[in-house]
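Participant: Required output: the full structure, derived from the provided sequences and hints.
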Amino acid sequence: MITTKQRAQLRGLGNALEPVMQIGKEGLSENSYEAIESLLEARELIKIKVLKNCDMRAREVCEEIANKINADIVQVIGANFIIYRKSNKKGVKHIELLM
1 MITTKQRAQL
11 RGLGNALEPV
21 MQIGKEGLSE
31 NSYEAIESLL
41 EARELIKIKV
51 LKNCDMRARE
61 VCEEIANKIN
71 ADIVQVIGAN
81 FIIYRKSNKK
91 GVKHIELLM
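Take 1 as the starting number for the sequence shown in the working numbering and just add one per residue.
Check before you lean on any hint, since a few could be wrong.
Below are the DMTMM-like pairs computed for lysine to aspartate or glutamate, each with C-alpha atoms no more than 20 angstroms apart in a straight line [as the list claims (entries may be wrong)]:
1. K68 x E41
2. K49 x E60
3. K93 x E41
Hint data in this document are derived by calculation from the structure and do not stem from the laboratory.
Facilitator: Here it is, written out as structure tokens:
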């Protein structure tokens with residue numbers, strides 16, 4: 001669980017990010033979850049875009065992903081959302097969170 005200060009720090013870092021994945025009309029599948037977990041292990045902080053043809057809203061998609069893969073929701077704005085999870089992978093540049 002991240003604090004409000006940490007969330008603000010991550011929001012600042014996330015603003016410069018481009019979406020690395022899109023969720024479309026097929027919604028979330030096991031492949032989607034695996035791809036998101038791989039991205040989080042490599043980057044720790046990712047932005048995802050929910051396309052207009054998706055049946056679910058961005059908030060719903062974000063909450064479902066966060067619950068399933070144990071990630072923290074940083075921000076949801078419009079069709080985009082940012083999620084964070086600390087990587088266990090060695091050699092990854094970790095984000096130093098404020099205390």
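Participant: Starting from the hint list further up, note which numbers the structure goes against and sort them upward.
Facilitator: none
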